[in-house]
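Engineer: Residues per chain are reported as follows:
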Amino acid sequence: MADIVGYGAYVPRYRIKVDEIARIWGRDGKSVSSGLYVFEKSVPAMDEDTATISVESARKAVKQSKINPADIGAIYVGSESHPYAVKPTATIVAEAIEATPVLTAADYEFACKAGTAGMQNCIALVESKMIKYGMAIGTDVAQAAPGDALEYTAAAGGSAFIIGRDGIAEINETVSFTTDTPDFWRREGEPYPGHGERFTGEPAYFKHITNAAKMLMEKIGTKPSDYDFAVFHQPNGKFPLRVAKKLGFERKQIEDGLLCPIIGNTYSGSSLLGLSAVLDVAKPGHRIIVVSYGSGAGSDAFDITVKDKIEEVERIGVKKMIESKEYVDYGTYMKFRGEFK
Amino acid sequence: MGVARYWREIPHRYNLIGKKCGVCGKVYFPPRSICPDCRRKSAGKMEDYKLKGSGTVESFSIIHVPPPEFEGKSPYAVALIKMDEGCYLTGQIVDCDLKDIHIGMRVEACFRRIQEDGKRGAIYYGYKFRKAE
Ligand SMILES: [Zn+2]
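Just so you know, the sequences run in chain order A and B.
Under my numbering, the residue at position 9 of the first sequence is numbered 813, and the numbers go up by one with no gaps.
Under my numbering, the residue at position 77 of the second sequence is numbered 88, and the numbers go up by one with no gaps.
Same shape as in the complex, but just chain B (with noise of 0.2 Å):
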C-alpha cells in the first residue's frame, strides 16, 4: 500500500478516528472532510470522531483464493460490519472458527498486523475484528 500512505491513515487505522458531521450527526469511517447530506453545510463542522470499536456483522465471505499479498494466509473472513455509530467498516474477522461465523454477531476491534512489504519491507498495522466477549 505504500509506506506514505500508510502513515497518513495511522490515526484510522489504528483508532478507528473518522468523522462526525456537526450538523446532523452523521458519523463517517474512514474519515470525510465534507458531509454528503449536509454538503456545504457542513464545511469546517466535520469533527473528529473515534468510534467505540463495536458492531454486527451484516455480511461476510470466505476468502480461499487470496491475493498475492496475503498468500498463504487463506482461508480467512472478511466482513461488511455495521459499527455501532451507524457508518459501516471492512475488515478481517480473526481468533473465530470460520463455521460460526454469521451474519448478526456481535463484534469489537483488535488491533492486528494487515500485511507487510516483503520481508524486508515496512509492517502494516490495523484494526481486525473478533468475537465481542
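Next up, chain A with everything else stripped away, as it sits in the complex (with noise of 0.2 Å):
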C-alpha cells in the first residue's frame, strides 16, 4: 500500500504528577499511579491548543519528509477538542505549513482514534491516486472535571503523519472494526467528558483492539512474534500492558512506544505519538503493528515494513521532547486551564 514519507510530534513542555492532583483530592499519589501506571501527565500552556498542537507536528512532518508542501492534497485533523465546534482545524493546519489553497480538507471526530481514520483516509487517496500526498494528524487536549478519575491520565500532544509513495516505512495492511459502544461520550456545549466506568475495559478498550489486531495479522498471515514493535492506545499505562499479553506480545516489544506513563492519555494524539517514538529507534526491514481505539466505539489495525530510506532522514527525537519539561503545580494548571473565571 502507500508510504508514511514523514512524521512529526510535539507534546507541551508543562508536566504535572499524578501525585500532585492526588494530594488535591485527598488520595494517596502513589496507589493512583500504580494503579494506573502513569506518574505525570502533559499540560498545554494557556496559548496552546489542537490547533497549535497539530500546527508544531505538521511542520515537523513536513521538515523531515522534504517535501513541497503544496504537493500535499489533503489534510484531516482527529480530535475531540477541536478549538471550534464549526470551523475547521485543518484549514488553521493548512494555511501555517502552506499546502493552500489546492487542497481538500476536513477535521475528524471518533474520541481517541480520529487521527488513524484520518491516515486510512489518506491511504485510499494516494492509493487510488487522487492525492500525492496526505497529511493525517491526531491531536487533543484532552478535558477532564476536576476530581474525576479522568483527571490523572487526561493530557495533551499529537502526531502528524504525511502519506504517500516512496517514503520511510510502507503501510502493507489496515483493517478496522467498528461497534456502537457507549462507553464514553462528551455532549455538545459540555465542558467535559462523561464514562460509563468499569463498562470502558472489557467491552469497549480490550474487545475492539484484540479483533482489530487478530483480524489484521489473519488477514496477512502474521504472528505476534514477527513484529519487532507494537503500540497499542494508551488511555493509561496499564491497559496497553494487558491487552498486548492478552494477544501473545512480550513487554520489549511495546516498551518504545508506551509513552502514557511518562506524558498521560493525549486521546487523538496517543497511538501515533507511540508510532513516532518507535520509527524515531526503528531500522530498515524492523516490522510494526498498531493498533488505535476510539471511544464509541472502534479500533483501526496497521501493519507497517520500514523501509531503507529511514536512515537518510532526521529523527523526530520524542523522547528527548519529552524529557525537556517543567513542572507545574496544582495552582497553575488550574490558571493553564482557564479554571478561575
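Hints in this document: simulated from the structure, not taken from any laboratory.
Among the hints, a few may not be true.
If you anchor each label on the Cβ, the simulated ranges turn out as follows [claimed, not checked]:
{"no.": "1", "chain 1": "A", "residue 1": "T1026", "chain 2": "B", "residue 2": "S72", "range": "53 to 61 Å"}
{"no.": "2", "chain 1": "B", "residue 1": "R51", "chain 2": "A", "residue 2": "K1087", "range": "31 to 39 Å"}
{"no.": "3", "chain 1": "A", "residue 1": "R991", "chain 2": "B", "residue 2": "D108", "range": "45 to 53 Å"}
{"no.": "4", "chain 1": "A", "residue 1": "R991", "chain 2": "B", "residue 2": "M12", "range": "27 to 35 Å"}
{"no.": "5", "chain 1": "A", "residue 1": "W989", "chain 2": "B", "residue 2": "S44", "range": "21 to 29 Å"}
{"no.": "6", "chain 1": "A", "residue 1": "P950", "chain 2": "B", "residue 2": "L91", "range": "36 to 44 Å"}
{"no.": "7", "chain 1": "B", "residue 1": "P22", "chain 2": "A", "residue 2": "P1028", "range": "47 to 55 Å"}
{"no.": "8", "chain 1": "A", "residue 1": "P1028", "chain 2": "B", "residue 2": "S70", "range": "28 to 36 Å"}
{"no.": "9", "chain 1": "B", "residue 1": "P22", "chain 2": "A", "residue 2": "G1025", "range": "27 to 35 Å"}
{"no.": "10", "chain 1": "B", "residue 1": "G115", "chain 2": "A", "residue 2": "W989", "range": "47 to 55 Å"}
{"no.": "11", "chain 1": "A", "residue 1": "T1109", "chain 2": "B", "residue 2": "S72", "range": "30 to 38 Å"}
The calculated BS3-like cross-link candidates involving lysine-lysine, where the alpha carbons are at most 25 Å apart (straight line), are [said to hold, decoys possible]:
{"no.": "12", "chain 1": "A", "residue 1": "K1111", "chain 2": "A", "residue 2": "K867"}
{"no.": "13", "chain 1": "B", "residue 1": "K61", "chain 2": "A", "residue 2": "K1139"}
{"no.": "14", "chain 1": "B", "residue 1": "K110", "chain 2": "A", "residue 2": "K870"}
Quick reminder that beta carbons are idealized off the backbone N, C-alpha and C, glycines included.
Two independent chains are provided; combine them into the complex using the hints.
Structural biologist: Here is the structure:
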C-alpha cells in the first residue's frame, strides 16, 4: 500500500505529577500512579490548543520529509478537542504549512482514533492516485472535570503523518473493527466527558483492540513474534500492557512506543505519538503493528514495514522532546486551563 | 483586532512572510510595499520573503498588568527580537521561566494562540517565540 513519507510530533513542555493531583483530592498518589501506571501528564500552556499542537507536529513532518507542502492534497485533523465547534482546524494547519489552496481538508472526530481514521483516508486517496501526499494528524488537549478519575491522565499532545510514495516505511495493510458502544462521550456544549466507569475496559478497549489486531494478523498471515514493535492505544499505562499480553506480545515489543506513563493519555495523539517514538528508533526491515482505539467504539490496525530510506531522514526525537519539561503545581495547572473565571 | 484584519495578515502572522527589497536586499517585517532606503527604485521589486524564524532577544519586558484582552494570563514576557535576517519583531516569549529570559538569548518562532474575541468570537493564531534548542 502507500508509505509513511514523514512524521512529526509535539508534546507541550509542562507536566503535572499524578502525586500533585492526588494531593488536592486527598488520595494516595503512589497508589493512584501504580493503579494506572501513569506518573505524570503533559499540560498545555495557556496559548496552546489542538490547532497549535497540530501545526507544530505538521511543520516537523514537512521539514523531515523535505516535500513541497503545496503537493499535499489532503489534510485531516482528528481530535475531540477542536478549538471551534464549527470552523475547521485543518484549514489553520493547511495555511500554517503553506499547503493551501489546492487541497481537500476536514476535521475528524472519533474519540481517540480520529487520527488513524484520517490516516486510512490518506492511504486510500494516495492508493487511488487522487492525491500525491496526504497528511493525517491526531491531536488532543483532553478535558477532564476537576476531581474526576480522568483528571490523572487527560493530557495534551499530537502527531502528524505524511502519506505518499517512496517513503520511510510502508503500510502493508490496515483493517478496522467498529461497533456502537457507549463507553465514553461528551455531549455538545458540555465542557467535560462522561464515561461508563467499569464499562470502559472489557467490552470497549479490549474487545475492539484484540479483534482488530487478530483480524489484521489473520489477513496477512503474521503472528505477534513477527513484529519488532507494537503500539496500542494508551488510555493509561496498564491497558496497553494487558492487551499486549492477551494478544501474545512481549513487553519489550511495546516499550519503545509506550508514552502514557510519562505524558498521560493524549487521546487522538496517543497511538500516533507511540508510532512516532517507534519510528525514532526503528531500523530498515523492522515490522510494526499499531492498533488505535476510539470510544464509541472502534479500532484501526496497521501493519508497517520500515524501509531503507528511514536512515536518510532526521528523526524527530519524541523521547528527547518529552524529557525537556517543567513541572507545574495544581494551582498553575488550573490557571493554564482557564478554570479561574 | 477584527476578523478582516486578522485574515489579511494570516501569511505574515502564521508563516513570517515579509518582503525583501529586490534592489538593496533588505528584509522587511511586517511586509512593506516600498523600501524606505531605495524608495521609487524598489517599486514593483519587493518580493515575498519567508523569515527563517530564528533571532536574538534585544530587549524585553515582563508584563504584570496586562491589557483587558490578556487578563488572567500575566505575568508574561514581551520581547524585541532581532531576526537573523536583520529585521526586528515584537513577540511574546513562551515556555521559558521568566527569570531565565535575558538579552542575547537565542529564540525561535513557534505557533500559538494570540488572543480571542471573547468566548463567542474568532480565535487569532500567530507567532510567538521560545528559547532555541
Ligand atoms: Zn532597498
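Engineer: Hint by hint, say whether it matches the structure.
Structural biologist: Hints, one by one, checked against the model:
no., hint, in the structure
1, T1026(A) to S72(B): 53 to 61 Å, "holds (59 Å)"
2, R51(B) to K1087(A): 31 to 39 Å, "violated (60 Å)"
3, R991(A) to D108(B): 45 to 53 Å, "violated (39 Å)"
4, R991(A) to M12(B): 27 to 35 Å, "holds (33 Å)"
5, W989(A) to S44(B): 21 to 29 Å, "violated (52 Å)"
6, P950(A) to L91(B): 36 to 44 Å, "holds (39 Å)"
7, P22(B) to P1028(A): 47 to 55 Å, "holds (49 Å)"
8, P1028(A) to S70(B): 28 to 36 Å, "violated (59 Å)"
9, P22(B) to G1025(A): 27 to 35 Å, "violated (50 Å)"
10, G115(B) to W989(A): 47 to 55 Å, "holds (51 Å)"
11, T1109(A) to S72(B): 30 to 38 Å, "violated (53 Å)"
12, K1111(A) to K867(A), "holds (19 Å)"
13, K61(B) to K1139(A), "violated (35 Å)"
14, K110(B) to K870(A), "violated (37 Å)"
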